[in-house]
Amino acid sequence: MARVAFTRHLLRFFPDLAEGQVEGSTVAEVVAALDGQHPGLARYLCEDRGGLRKHVNVFVDGELVRDRAELTDAVGPTSELFIVQALSGG
Amino acid sequence: MLVATRKGLLRFDADLELEAADFQGIPVSRAVEVQGEVFAALDHGHWGQKLHRLRGEEWTELEAPKFPEGIEASVDYLWEIADGRVPGRLWIGTNPGALFRSDDAGDTWVLCQSLWDHPSRGDWFGGGRDTPGIHSICVDPRDPERIWVGISCGGVFESTDGGASWEVRTEGLRADFLPDPSAAIGQDPHRVLQSEADPDVFWQQNHCGIWRSGDACRSWHEVSEAFGFGLAIHPEDADTAWFVPAISDEERRAVDGAMCVRVTRDGGRSFEELREGLPQALCYDLVYRHALAIRGRTLAIGSTTGNLWISQEEGATWRALCHHLPPIYSVDFRRR
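For the record, the sequence lines run as chains R and E.
Everything in the first sequence is counted per my numbering, starting at 1 for the first residue and increasing by one.
Everything in the second sequence is counted per my numbering, starting at 1001 for the first residue and increasing by one.
Just so you know, the hints here were simulated from the structure itself, not pulled from any lab data.
Virtual Cβ for every residue (Gly too), placed ideally from N, Cα, C.
Be careful, since some hints might not be right.
[Claimed, not checked] Below are the BS3-like pairs computed for lysine-lysine, each with C-alpha atoms no more than 30 Å apart in a straight line: (1) E:Lys1007 x R:Lys54; (2) E:Lys1007 x E:Lys1066; (3) E:Lys1066 x R:Lys54.
[As the list claims (entries may be wrong)] Just the calculated beta-carbon pair ranges, DEER-fashion: (4) E:Phe1125 x R:Glu70: 55 to 65 Å; (5) E:Gly1070 x R:His55: 18 to 28 Å; (6) R:Gly36 x E:Pro1144: 30 to 40 Å; (7) R:Ala69 x E:Ala1316: 51 to 61 Å.
The following block holds chain R by itself, in its conformation from the complex (with noise of 0.2 Å):
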C-alpha cells in the first residue's frame, strides 16, 4: 500500500485526516480510497469533472503526477504520496 502525507491545511476540514497507508495501483483510486475514509474529500481536490483542482498538487515519490485530469498516474506498492496546495497571496 502506498504511503499519503497531506498538507496540514487540510486538518482544519478534515481533522481526523492523518499520514497513512492507502491503497490503490493510480492517484485516482488512492483518492476514491480516501474519499471513502473522508468523506467529501475528493470535492476538495478535485473539480467536478474529477481533475484535480487548479491550485492542488500531488506528488508521486517526489514527481508532480502528469495527468490531472485523469489521475492516471500508476501508484506502487512502496510509492510516497504527497497532497499540497499551491501557495498563493492575500
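Following the hints, put chain E in place on chain R, whose structure we already have.
Using the frame of chain R, we list chain E on its own:
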C-alpha cells in the same frame, strides 16, 4: 445580520453586537437566511466552492451544486442563494451562468437544465468575471413557480412554470457597451429586486443606469444614468428604493471621493442624496451588489474597504459599525 467578507462570515445579533465569526480566513461569497436557516457560500482559493448550512448552532457542509454528467462545466462561484418560497426549496445562481434548485433545504441540488440550454446562452458573456453569472433570483411571493433571474452579462429572464422554460425580459433596457445597445441579450443588470409591497414592481441597478418596471419586468423604464451595484427596496413602499452610486468601469470607486447613498421616494422621478455620517473625502469604498440590505427601517452597507455602515432611520443618518473589516461581499438581515 450576516456579513460575508473575504476573510469569513460575521454574524451580528438584533442589537448589532457581534454574535459569531465563522470560517475565519476563508472568503464567503454570499450568506443569507432562508426559512430560518443560514446558508453560506465559501470560495476557497484552493479547495473550490463549498456550501454550508447553519441549523440551530451547528454548521454542516453540504454537497455544493455541480453540473450533471455530460456537461463540461464546473461551478466557479456561488453568487446568489434565494428562498424558493416553498418549504425546503432554495435556488442558487452560479458562475458560469447556471441556476440550481434544491427541494430538501440544500441537501441535494439539480441543475435547471432549461436555462442552461436557453438558445440565447451563446450571446451571454462575463462581466467582471470570466464567465456570465447569476446574481439575482426573485421568486414571486404570490406564486413560487414564477421566477426571475438577473444574469451578468445576459439580461433578465422569467419563468412562469417553475424553471421549465424561460423568456427574456429586457424590453426597454440599454447597454452602451454593446454594438446594438437595445439588444435583447447581453444586458448587464447588476442587481434585480422585486418589491415585497407590490410584486409587479421591480427595480434594477444596471451597468448603464437605474431602471424600474411596473409590469413584472415586461417593460423597463430608465430613471437615472447612475452607475452602481447595490439596491434596496422599501419593504412597504414599492416607489422607495436606495442605491449607492460609483464611478463606472475604469475606476470603480466612490464618486468624488465621497460616500453617498441615493434614495427615491417617488418611483424614480427624483432622488435625494444621503451623506450624513458617511465619509466625504478620501473615500474609495465600493459597495458590491449584495452589500446593501434593508430590514424594516434599518439599512446596512458593506464596502470593499471594510466599512460597515448602519442607518436605523432609512438612511437619514449613518454610523459605522466597523471601519476595518475585510472587503465585504454581502450583507443580509436575519428575519428573527
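I want to verify a distance hint. Is the separation of the beta carbons of Gly36 of chain R and Pro1144 of chain E within 30 to 40 Å? 38 Å, holds
Satisfaction of hint between Lys54 of chain R and Lys1066 of chain E, Cα-Cα up to 30 Å: 17 Å, holds
Evaluate the given range 18 to 28 Å for the C-beta pair formed by Gly1070 of chain E and His55 of chain R. Distance hint for Gly1070 of chain E, His55 of chain R holds at roughly 26 Å.
Outcome of range test on Cβ distance (Phe1125 of chain E, Glu70 of chain R; 55 to 65 Å): Given about 30 Å between the Cβ atoms, the range is violated.
Check whether the Cα positions of Lys1007 of chain E and Lys54 of chain R lie no farther apart than 30 Å. The hint holds at about 21 Å.
Regarding Ala69 of chain R and Ala1316 of chain E, is the given constraint of 51 to 61 Å on their beta-carbon distance met? 57 Å, holds
Take the C-alpha atoms of Lys1007 of chain E and Lys1066 of chain E, compute the straight-line distance between them, and say whether it is at most 30 Å. Holds: Lys1007 of chain E and Lys1066 of chain E sit about 24 Å apart, inside 30 Å.
Of the hints listed earlier, the one the structure fails to meet is number 4.
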